[in-house]
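There are 2 protein chains.
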Amino acid sequence: MRKFAAEKSKNLLAHRKICAVSLQHPTASVFSSQSHQNPLPQSSILLRFLSSAASNPSAPSESMASDYSSTPIKIDSINPKVLECEYAVRGEIVNLAQKLQEDLKVNPDSHPFDEIIYCNIGNPQSLGQQPITFFREVLALCDHPAILDKGETQGIFSADSIERAFQILDQIPGRATGAYSHSQGIKGLRDTICSGIEARDGFPADPNDIFLTDGASPAVHMMMQLLIRSENDGILCPIPQYPLYSASIALHGGSLVPYYLDEATGWGLEVSDVKKQLEAARSKGIDVRALVVINPGNPTGQVLAESNQQQIVDFCKNEGLVLLADEVYQENIYVPDKQFHSFKKVARSMGYGEKDISLVSFQSVSKGYYGECGKRGGYMEVTGFAPEIREQMYKLASVNLCSNISGQILASLVMSPPKVGDESYESYTAERDGILSSLARRAKTLEDALNSLEGVTCNRAEGAMYLFPRISLPNKAIEAAKSMKTAPDAFYARCLLNATGVVVVPGSGFGQVPGTWHFRCTILPQEDRIPAIVSRLTDFHKAFMDEYRD
Amino acid sequence: MRKFAAEKSKNLLAHRKICAVSLQHPTASVFSSQSHQNPLPQSSILLRFLSSAASNPSAPSESMASDYSSTPIKIDSINPKVLECEYAVRGEIVNLAQKLQEDLKVNPDSHPFDEIIYCNIGNPQSLGQQPITFFREVLALCDHPAILDKGETQGIFSADSIERAFQILDQIPGRATGAYSHSQGIKGLRDTICSGIEARDGFPADPNDIFLTDGASPAVHMMMQLLIRSENDGILCPIPQYPLYSASIALHGGSLVPYYLDEATGWGLEVSDVKKQLEAARSKGIDVRALVVINPGNPTGQVLAESNQQQIVDFCKNEGLVLLADEVYQENIYVPDKQFHSFKKVARSMGYGEKDISLVSFQSVSKGYYGECGKRGGYMEVTGFAPEIREQMYKLASVNLCSNISGQILASLVMSPPKVGDESYESYTAERDGILSSLARRAKTLEDALNSLEGVTCNRAEGAMYLFPRISLPNKAIEAAKSMKTAPDAFYARCLLNATGVVVVPGSGFGQVPGTWHFRCTILPQEDRIPAIVSRLTDFHKAFMDEYRD
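If you read the sequences in order, they're chains A and B.
Numbered per the numbering used here, the first sequence spans residues 1 to 550.
Numbered per the numbering used here, the second sequence spans residues 551 to 1100.
Quick caveat, the hints were computed from the structure, so don't treat them as lab data.
Note that the structure is predicted; figures quoted are calculated from it, not measured.
Ideal Cβ positions, reconstructed from N, Cα and C, are used throughout, including at glycine.
Treat the hints with care, since some could be wrong.
[Said to hold, decoys possible] Straight-line distance between alpha carbons at most 20 angstroms, and here's what the computed SDA-like set of lysine to any residue pairs gives:
#1 K994/B to D1078/B
#2 K355/A to S627/B
#3 K994/B to A1082/B
#4 K905/B to K355/A
[Stated by the list, open to error] Examples of chain B residues lying across from chain A (beta carbon under 7 angstroms, computed):
#5 N629
#6 V632
#7 F663
#8 H694
#9 L698
#10 T727
#11 S767
#12 Y810
#13 E813
#14 A814
#15 G870
#16 P1081
#17 D1100
[Unchecked claim] Simulated DEER-style distance windows between Cβ atoms:
#18 A709/B to V534/A: 45 to 51 angstroms
#19 T1066/B to D67/A: 45 to 51 angstroms
#20 K419/A to N657/B: 32 to 38 angstroms
#21 K969/B to V534/A: 45 to 51 angstroms
#22 P204/A to G816/B: 51 to 57 angstroms
#23 G351/A to Q680/B: 20 to 26 angstroms
#24 A749/B to T516/A: 44 to 50 angstroms
#25 A709/B to T538/A: 47 to 53 angstroms
Starting from the given sequences, assemble the full structure and let the hints guide the process.
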């Protein structure tokens, strides 16, 4: 039944246009339902792989699935765009990790490790990073303003957090933190965000350009919804890319037009290559509408040079493309020779104003040194769109009423943290700098460790939260993966998980040059855990290579 | 330019299938850009109407719009589904209200009222409703757990809020309230929600069936995204309906198949009429996939009788329809002869189990007695879908990572409030009952006031937060609206706003029987304000009728 359904959905998808190059999607889900049909080499790593893969908790058995025969919705009658969408960051490898975690709960000796280390996702606080105290004080006070006037409050909250909470409440009509706000977010908070943008860039920012959102993801979806009319509309995306983009483009029925980042030059972005891809897509009838740039890069960690950004701005202007700038890692820079420049600052520095280039910048409270993923705060700054288009954006925002107010408040706080002279200033800077310097050390240690492995090369993480090492897999490993109908890097990631408890995401989930294999690993485990992770990773890799070396 | 663009988009939309009956969309936006071209009767109300309408702050002037000629995205090159989508709850009338509010800030004497009263949206705390203390205490403590162990905390937080915060933190892996959670929401919170559902219904609930979401709206979007493949897929919706449904169906490219609620029988839902509409749609080649029921009704306020719900369940089962049950007003019942029954309870009481009927129940923290709109919390309970469909839902949830954690916590709290014996129990019940009994009184007062007006009839609000009176508009008023190219009820609502500062939503934004006119007005202004509102409304209506009586 399941296999039949999968084939049917494959047929359903067959008519959809695949543009320029096909992304290598992980085929792990196919594997998990078919692995028992394949003869397999009897190796220790593979045996473990097999036993785990067969017990994917979310995979229905034949009999279970057929019990639903009298319900109306079948897998081949849902929206094919949903079937087509992939999101490897929480895909099959993570399902397997959750299963192993359950095993460990029941029997701590069930696997050769005592815990799962989730390096699959940029989720700092899940790995022990502590929130910034000042931000949480202000959020708590805004959640329960009744305590603001109490004497006890001064004993347990900093003076500037109390003052800031009062300021924020005064910006909210009726001080109602439980009310829907303006569809774009509370005006006073947007003013604060604009002051932060102006301080960062040295160019004016307009609160009417800010759309506060529940994290950056809904903002990206909103832009895709606006721009994509059909599969003939294309969006230029870097390869490798953060799979939100491929997922959102698939869900909105558009075509992803890939351009490759050059691993040999530290994941360099060559505008001449982007132009080649643009022209190839256009020659196939694709109306390319926008260019996505992720800076600092995810999963690649590169930080673009300003001169490169200028080329990109000119390219978008000349080619009539909207520039969608994912700038959520703007605070995460780890090397002294690079710094973050917003695309808006670059464009304005070049003399391009509001009417010259259409530019959207995405920001999130989930990243930076704060890593407040669970708060779902973020915004997009939208410039260079005619008023009648902006009205449509406002309408789209209004259909969902508003983003959550705590996330809105936090977005304003990360753009206006404590200043010199504020009571919290010293503790705030100590917390911030402690996190950022530790992240830089972790990135370097992991990068060095990866580069010391046989057949592994890893560019440095100049920024963001990830390493994206390339692994030269032996033919025997590739054959083993093939026999199990999974991508070689997904095979490697599963073996790694089963042997060490470390969860990484196969490069095939992000896209990569065909025939190359990678994985994405966050730099987020706490610093005192890094040596053990390095040691586990090294031992695993050696064993893997010993087993599969040609 | 604007007119040209509007015509172009009209052509773009012309190919889209309009099913069964066309909803009357408010044409206020057409009006605002064209009103200056029409000769108008010189009446006091109309003069005021005109002067405001001409100053819509978001409407671009010809010259402004043309300045964007070198940017790539034009109004006729965006996704036509976005153009097609309407959301009157925050539409033109609200834009006008915001403009008037700005006027009042600059000059408090600029209008014949001193404030805008937003009765357009179910947003209780914006109109002065206070949050439930216990809920806010727990949220504040979870935002800043560092204070949980401090002595001062016991002085300003209730003992059970501290205990509850500890319980919740223990349910969150690593106590990390700043981490992304499981894509469906924190497992322990889903367990708590299920206990609440079980206590409500007397039937088991499964935490794997719960998807926590940022309010109910994203949950509705997710179901539409899953079910709608093309314009040939239809969703049965009540008319009048909450415009989220028409907006979401439009954005996902499906067809809204309307069924009428019967105003004469208190907005009764006649299954025979629904069947008629279903068959009409099917005869036009529409694949009808689901039935939306809003209970208690929005905007109509009716509460379905259990026997009626049984008919609906049987109908969905027999016709192979997914039952999408909007149950966000389940706590808002104001009349002793009605009570809320969840559709799941009704279905299970009839003996239908998980494999017999596909049922989705939407719940939100924005409604009830808590009215925490700004927190964006909610969930859907999904039953009767095969595991392979559930995997697709999980994937869709994963693309956005998770809903905000404060909203998740609040969703668990509203489903498990303080119990007898808890320190907060008495104050909690006093706050809850105070709000609900006051809402019931406000509903009755406003209903009586509306029914006393010439040509107005208003069904009682058995539940929810709205009244939806019918207004028999004189021909002269209809002609005046026609000459201004606006819907008669939108014309009435604009005149009302300009004369009184009271914001209501024209019935045309919800759909209504052609030739009838309504508006939706919330019952949410604080009780001490109701007499003044009644008096303003009464005076306005009298003046309006005097001016336009045939």
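Sort out which numbered hints this structure fails and list those numbers smallest first. 4, 7, 9, 12, 13, 14, 16, 17, 23, 24
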